[in-house]
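> Residue-level listing of the chains:
Number of protein chains: 2
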Amino acid sequence: MNINTENPCVAGMDIGGTNTVFGIVDAQGNILCRDSVKTQEYPVIEEYIDAVCEKLICMVREHVGPNNLKGLGIGAPNGNYYSGCIEQAANLPWKGVVPIASMFSEKIGLRVVLTNDAKAAALGEMTYGAARGMKDFIMITLGTGVGSGIIVNGQLVYGYDGFAGELGHVMVRPGGRRCGCGRNGCLETYCSATGIVRTAREMLLASTEPSLLRRVPIEDLTSIDLYDAAVKDDKLALEIFRFTGTVLGEAIANFVLFSRPEAIILFGGLAKAGHFILEPTQAAMEANMYNVFKGKVKLLFSELKDADAAILGASVLAWEAK
Amino acid sequence: MNINTENPCVAGMDIGGTNTVFGIVDAQGNILCRDSVKTQEYPVIEEYIDAVCEKLICMVREHVGPNNLKGLGIGAPNGNYYSGCIEQAANLPWKGVVPIASMFSEKIGLRVVLTNDAKAAALGEMTYGAARGMKDFIMITLGTGVGSGIIVNGQLVYGYDGFAGELGHVMVRPGGRRCGCGRNGCLETYCSATGIVRTAREMLLASTEPSLLRRVPIEDLTSIDLYDAAVKDDKLALEIFRFTGTVLGEAIANFVLFSRPEAIILFGGLAKAGHFILEPTQAAMEANMYNVFKGKVKLLFSELKDADAAILGASVLAWEAK
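Residue numbers (the numbering used here), protein chains in the order written: chain W, 12 to 333; chain R, 12 to 333.
By construction, these hints were calculated from the structure, which means they are not laboratory data.
Take the hints with a grain of salt, since some may be wrong.
One copy or any two copies: either way a pair holds, since identical chains are not told apart in the list.
Claimed, not checked - No farther apart than 30 Å at their CA atoms in a straight line, the calculated lysine-lysine pairs in the DSS-like style are these:
#1 243 <-> 283
#2 49 <-> 106
#3 305 <-> 283
#4 81 <-> 49
#5 106 <-> 307
#6 309 <-> 106
#7 243 <-> 81
#8 106 <-> 305
#9 309 <-> 81
#10 66 <-> 106
#11 243 <-> 316
#12 283 <-> 316
#13 316 <-> 81
#14 118 <-> 106
Start from the sequences, fold in the hints, and give me the full structure.
Take a look at the structure:
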C-alpha cells in the first residue's frame, strides 16, 4: 500500500512443519505485510519454492517496490548457516539435504541466508525483543522439541559445522526417556510440549489422585490442557509443571557454566505457561547455580509476539548478510 | 644474550598456587628466557609484584632490550579478563579482589592483560599447539581442579562478566560427590587429579581385590601412583581410569552440543596418563554423542610442553592486546 522508494527492506521467512510464514520488514523492524503457505502441501521442493516466491513477489510489488528488497533470511529446522542447506529435517516434507538458500536465491535474484529456527529466534530477540542490548544470552525454544540459539559476544555460535546450540539434546537424565534422536534422557524428552505431556501421562498412570486432567482421554492430552488445569489450581497439573521446571532449571544451571550469559530467554509454546513454568525453573536454576553466578543470571520470557518472532528473527539474518 | 633491537617481544606469566613462572617470548613463539618465584613466599601482594618485576626487568635488560618488550600477559586462577583482577582465588595467598593487571602495569609501564589459567592455555594451544588453525575447540585442563577455555569462532568465550567456561563445575552426577564450590556432583570431583584419587580411595575401600595400590598408604595415594599401577596392568587401577574417563566422556558429549567444537583438547596432570584416560573418555564420548556429531569431534592431547604452555598461553594475550 505504502511504497516507499527510499527505505530498504528485507524479507523474513520461517519454514515450519505445518506453515511457512513470511513477511517484509523495514529497517525499523516493522512488518509491512505477511503471508503464508501450507508446507505439507508441497512435497516437491521446486513447487514449494514457486508457490512461496509467487506470493513474495506479489507482496514486494504491492508494498515495497522491487528495488527496495535487499535480501531474504530464512529460519528452518536443521537449517545450516554455512551450507545454506536444510539437512535431514524430520518434520519437513523434503528428505535428505535441500540447498534451499541457493534455490530461493536463483528464483528471486537476491542474497538468501539460512539458519535454524532457534538461532533465528535468538537474533530476533537480540534485535527487537527481550535481549536488546545484550551481547551474551541463551535463547531456549520450548516447542514440539527443545532448540537453542546461543549468542556469545554479540554473535551467534555456529560451531565447526553450523550445528552448534543443540541444547535440547543435552542428556539431563542418564538412562532416562527415549528421545527421537536415538539416545536417552535428552532435555527435550522432558521440557518440550511433548515432553511435558509424557510427564503428565506418567504421573496420571502412577497415581489415582483426582485431577481435572482425567477428564481428557490420556492419549489426547496436550500442554494446553495442562495449563488450563493449572490455572484452576489442579494439584497434579501444578506438580507436572514443577517437575518440568525443575529439570529445565537444573539444565540451565549447567548451561550457564559454559558461556556465562546475562540472561536465559524462554520462547515457544511451553513458555506461554507463564509463572507455572517460570517459578519452578527459576527455583531449580538458583538452587543448582555455581556460587559465582547465583542471583546474577536473568530468566526471561521472549518479548516478541508469536506471529512476529519468526519473521523478525529471520529478517535480521538478511540484514546481517549485507 | 642475544639482544635483537628489531624484534618485538612480550612477556607471559602464569601465577600458580605454588610457583609463578614467567618468560619472554618472541613473535615466532620462542621462549627466549624464563624465571620463577615461589608464590606462597609473598603473602603481601606489593612485595610479590616487586619480586617478580625485579627478575622480569633483569631478563628484559639481558635478553631483549627495554624498548622491545611490548606487553605482559598473565594467566591466573580466577583471573578476570574484563576487570584485570584476580577475584577470590582459593589457592593464592592474596584474599578478595586483587587488581593485579593495573598493579603490574604501574610497576613496569606496559600494557598488562589478565585471564584465567585455562583460558590462557586455550590461547596457547590455538597459536602454538594442537589447535593451530582451529576456530572452534574446547580446552579442558585436568589438574588439581578441572578448568576450561572455550574458543568459538577463533575467540575466547568470556561471557557477561568474564567468568564463562567453568566446565569443571558442570554437575555430572546430581547428588554426587561434595565439591569445594559447595555443590555436589561437579565434574572436577571426578575428573581432576584429586577426583581420580577420591575414586581410587572409594574403590579400594569398597573391595578387597588385590592391587598394587594397596602398597601405598591410602591417604598418601596420588594420581601418579595410579598411573604407575596402570602401566603394570593393575586391574583396579585400570578400572579407576575407566570410570574417570567414562564420566569425562559423558560430560564432553554434552559440551559438544553447546559449541560444536572441531576438537576437545585435554591438558594437565591427568592428561599425562595417555591412553589410560584417552581410551575410556573417547569410548564414553562416542557412546553418548548426538548422532549428527558421532565420529566427527576429535579428542586430542595438548601438544605444548608443560613447562612452556603457561608462558606461551599468557604471552598470546599480550600480543592480542596490542
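> Take the hints in turn and mark each one as holding or not.
For each hint, the structure was consulted:
1. 243 <-> 283: So residue 243 and residue 283 pass the 30 Å test inside one copy only (16 Å; across, 59 Å).
2. 49 <-> 106: For residue 49 and residue 106, only the intra-copy Cα distance (17 Å) is at most 30 Å; the inter-copy one is 63 Å.
3. 305 <-> 283: within (25 Å within a copy, 34 Å between copies)
4. 81 <-> 49: within (25 Å within a copy, 62 Å between copies)
5. 106 <-> 307: between (43 Å within a copy, 22 Å between copies)
6. 309 <-> 106: Answer is between; shortest inter-copy Cα gap is 29 Å, intra-copy 39 Å.
7. 243 <-> 81: Neither: 49 Å inside a chain and 68 Å across chains, both beyond 30 Å.
8. 106 <-> 305: between (45 Å within a copy, 20 Å between copies)
9. 309 <-> 81: neither (35 Å within a copy, 40 Å between copies)
10. 66 <-> 106: within (24 Å within a copy, 66 Å between copies)
11. 243 <-> 316: within (25 Å within a copy, 64 Å between copies)
12. 283 <-> 316: within (11 Å within a copy, 53 Å between copies)
13. 316 <-> 81: Answer is within: at 24 Å inside a copy they meet the 30 Å cutoff, but 52 Å across does not.
14. 118 <-> 106: Within one copy only: 21 Å inside a chain, 64 Å across chains, cut-off 30 Å.
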